[in-house]
Each structure stands twice: as C-alpha cells, then as structure tokens.
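S.K.: Sequence:
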Amino acid sequence: MQAKKIAAALVAGFTALALSACGNGIAGGGSGSGGGAKTTFRLAFNQTEKHPQYKAAEELGKKLEKATDGRYSIEVFANETLGSQNEVVQNVSDGTVDMMYIAGPVLESFNKDFIVFNLPYMFDSPEAQAKVFADDAVMGGLKTSLEDSKKITVLGALHAGTRNVYNAKHAIKSPADMANLKIRVQQSDSQVQMIKDMGGVASPMGQGEVYTALQSGVLDGAENNETVFNALKHDEVAKYYSYTRHLMIPDYLVMSTTVLKGMPEADRKALLELVPGAVDQANTGLLQYAADSKKASQETGAKFNDDVDVAAFKAATSGLVKASINTPVRQALCDAVQKANAKA
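Read left to right, the sequence shown gives residues -20 to -1, 1 to 324 (mature numbering (1 follows the signal peptide of the UniProt record, and there is no 0)).
Keep in mind the hints are simulated off the structure, nothing from the lab. Built from N, CA and C at the ideal position, the CB exists for glycine as well. Treat each hint with caution, since some may be false.
Unchecked claim - The following label-pair restraints were derived from C-beta to C-beta distances: (1) Lys283 / Val181: 19 to 29 Å; (2) Pro244 / Lys149: 51 to 61 Å; (3) Asp315 / Ser89: 18 to 28 Å; (4) Glu67 / Glu29: 16 to 26 Å; (5) Glu253 / Asn160: 45 to 55 Å; (6) Ala295 / Val255: 29 to 39 Å; (7) Glu253 / Ala148: 26 to 36 Å.
Stated by the list, open to error - Computed list of lysine-lysine pairs in DSSO-like fashion (alpha-carbon distance at most 27 Å, straight line): (8) Lys283 / Lys294; (9) Lys274 / Lys249; (10) Lys162 / Lys92; (11) Lys294 / Lys176; (12) Lys283 / Lys176; (13) Lys43 / Lys30; (14) Lys249 / Lys123; (15) Lys302 / Lys153; (16) Lys219 / Lys176; (17) Lys111 / Lys283; (18) Lys323 / Lys123; (19) Lys241 / Lys43; (20) Lys35 / Lys18; (21) Lys283 / Lys219; (22) Lys30 / Lys274; (23) Lys176 / Lys302; (24) Lys42 / Lys249; (25) Lys176 / Lys42; (26) Lys249 / Lys46.
Based on the sequences and whatever the hints tell you, model everything.
M.R.: Okay, structure coming up:
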C-alpha cells in the first residue's frame, strides 16, 4: 500500500512538472495572470499575409512575447477568417476577439469625430499624416473615446495608402467621367456622399463581396489603393485605375479595453511601448508594397492614368469637408492636420 502511495505521488509530481513546462496555452481573454501562463491575443485582419500590416503585427507579437518573458504573444488571422470588419469590431467590443486592424470609416460610425481623417483631400502627404498620428496631444482623446461606450481602445493609427478610383469602363479624368458609374465604397455615410459629389453612384459593400460584384457587373468600379487593387485581384475585372488621390484615410490598430486593462501593468506598458515601432514598420512597408503592387497590376494589363484633374475633384468635395467640420473638436483636429500639411 505504501509503495502504491509513493508511486501515485511521483506520477502526480511528473504531471505537474509537464503541465508547467508546456504552459496552459490560453488563447484570447487577455487576463494575463502571469505565473508562467501564456496568453495569445487573436488579431483580426481583412487582407492577406503579404500586407505590411500583417507582417508588422507578427513582429509585434514576437517582440511582445520577448518583452513579457513569454506571457503574451499575438496570432494574426488574415483574409477575414474571423469575419468582416463590421462583424469583428463587435467581437472586440465584447472581448471575444482581442485585437484588430480596422478602417477609419468603421470607427466613424461609433464616434463622428473620426470623420475628420476620413474626409477627401484632408492630408497632403503620408509624412503629414504620420506627424498628426504620432502626436498624443492631438490623438489622445480619440484613442480613448470609445472605451466607455464600446470597450475599445485605439492603440495606433496607420497610413493605409492613397485611395483612387478604378473601374471596368474607362479612365477617369474629371468628375464628368464618373457619371452613372456604380462605385463601391466602405459602409460610411461620408464615403457615400463623397462619391456622389465626385459624380458617381455610391454602393456601400463589404470588401469580401467586391470582386464578384465587379465581375458580374453589379459594380462598375471601386476606390482603394494599389495594394488592394492587386492583392484582391480587382485588376482582373476593373482595369482602369485613375489617380484621383481623393482619400488618405487611416487604418487603426484597436484592442478590447477589457483585455488591455486586464494585463498586468508592466506587460501592458510593454505592449503600448512597442506599438509605435509596429506602426512605423507597417507605414514604411506599405509605400514599397504599393509600388510593387502597381507593377504587378500593370503586368496583368491594368492601365494606370495620372492625367486627372485633381483640383476639380477637390472642389467638388469641398462642401462635404466644410459641412463635416462642424464642432470645436473636429475643427481642432482639422487645424492640426493643416499645420502638419504646411510643415511636411
């Protein structure tokens, strides 16, 4: 009997050691209790593994794991595998998905002040945009503005390229060329109005539906940067890409406020200190990715047109800009952008 007790004790001891060595493999939840437990944050992304934002998030996860002695890491789920942005943001809100990249217009639906950065011809350059987004005196209020209502914290704002119009019919040179073209936009009131002002017919739609809609003729075109045009193969079904340069709206890296605040203070601080480096990596990578994407699309037969009356499009959308900057908060954000434009 005594021998059996000793054997049982040894088995229990070895089992405990094995479990301790392996960790508990927690995925999501963000409780971060420490003591050897590992939490893997799930980060949702609606584009491919080739995108610089994907690569930056992967690198962020590796650095976070090192900085927290293995307590936290990040797994990135690309290609809308966790759902569309409008679906996933609700999951981030309730804490069932930890993190995501999200387009500016989606956040605009939760706090209208985000509209300032989504307006046409707001930023003159990526450099000006980066200056604004790196300034906590400008961005601090926006980053925390959704914490009470949606339990979402904005960790950082990223350059998401310059958006232009592409379609299956013809090159776009002036607003007159947009007449009767059904153009996909993000699900945002301001984006719908923008396309109307530019002369087209706005069709709000999720990103995952666009290729089929272009292929079938439900849509004539869309508006996005060169990376999306190529990566999602829109260049196969809408070969006329015209540099209207109408938008430089950002993407945001956001996180469940509940998950973030559930981290031990030191680990939370480590994460927040790593975010600016991830933003810089993604921004730098995107510029080269856009150039490579354009070249790849040209090889498929896509035609890029830079003979565009940008001034005419800017004038056509100026009413939307003026009407949208209608509170002191939005005016202050707009002033900060104009100041950065002047210095960049």
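S.K.: Next, verify each hint and record whether it holds.
M.R.: Verification of the supplied hints:
The hint said 19 to 29 Å for the Cβ distance between Lys283 and Val181, and at roughly 22 Å that hint holds. Under the hint 51 to 61 Å, the C-beta atoms of Pro244 and Lys149, about 56 Å apart, fit the expected range. For the pair Asp315 and Ser89, the beta carbons lie near 24 Å from each other, so the given range of 18 to 28 Å is met. Distance hint for Glu67 and Glu29: a CB-CB separation of about 20 Å, consistent with the stated range 16 to 26 Å.
The hinted range of 45 to 55 Å is satisfied by Glu253 and Asn160, whose Cβ atoms lie roughly 51 Å apart. Between Ala295 and Val255 the beta carbons are some 38 Å apart, a value that agrees with the proposed interval 29 to 39 Å. Distance hint check: the CB atoms of Glu253 and Ala148 are about 46 Å apart, inconsistent with the given range 26 to 36 Å. Restraint check for Lys283 and Lys294: the C-alpha separation of about 23 Å stays at or below 27 Å, so the hint holds.
Restraint check: the Cα-Cα separation between Lys274 and Lys249 comes to about 39 Å, which exceeds 27 Å; the hinted pair is violated. Between Lys162 and Lys92 the CA atoms are separated by roughly 26 Å; this keeps the pair inside 27 Å, and the hint holds. For the proposed pair Lys294 and Lys176, the alpha carbon gap of about 13 Å is at most 27 Å, so the pair holds. For the hint linking Lys283 to Lys176, the alpha-carbon distance of about 24 Å falls within 27 Å, and the restraint holds.
Taking the CA atoms of Lys43 and Lys30, the gap is about 20 Å. The hint holds against a cut of 27 Å. As the CA atoms of Lys249 and Lys123 are separated by approximately 16 Å, the hinted pair is consistent with the 27 Å bound. As the CA atoms of Lys302 and Lys153 are separated by approximately 24 Å, the hinted pair is consistent with the 27 Å bound. Taking the CA atoms of Lys219 and Lys176, the gap is near 22 Å; set against the 27 Å cutoff, the hint holds.
As the CA atoms of Lys111 and Lys283 are separated by approximately 33 Å, the hinted pair breaks the 27 Å bound. As the CA atoms of Lys323 and Lys123 are separated by approximately 24 Å, the hinted pair is consistent with the 27 Å bound. A hinted pair counts as satisfied when its Cα atoms are at most 27 Å apart, and Lys241 with Lys43 qualifies at roughly 19 Å. The hinted pair formed by Lys35 and Lys18 meets the criterion: a straight-line CA distance of about 22 Å does not exceed 27 Å.
A C-alpha spacing of about 6 Å is found between Lys283 and Lys219, which places the hinted pair at or below 27 Å, so the restraint holds. Restraint check for Lys30 and Lys274: the C-alpha separation of about 15 Å stays at or below 27 Å, so the hint holds. Between Lys176 and Lys302 the alpha-carbon distance is near 16 Å, which keeps this suggested pair within the 27 Å criterion. Proximity of Lys42 to Lys249 is assessed by CA-CA distance (about 16 Å); at most 27 Å being required, the pair is judged to hold.
Annotation: proposed proximity of Lys176 to Lys42 is violated, straight-line Cα distance about 44 Å (limit 27 Å). Of the pairs offered as hints, the one joining Lys249 and Lys46 holds, with about 14 Å between alpha carbons and a cut-off of 27 Å not exceeded.
The structure fails to meet hints 7, 9, 17 and 25 from the earlier list, while all remaining hints are met.
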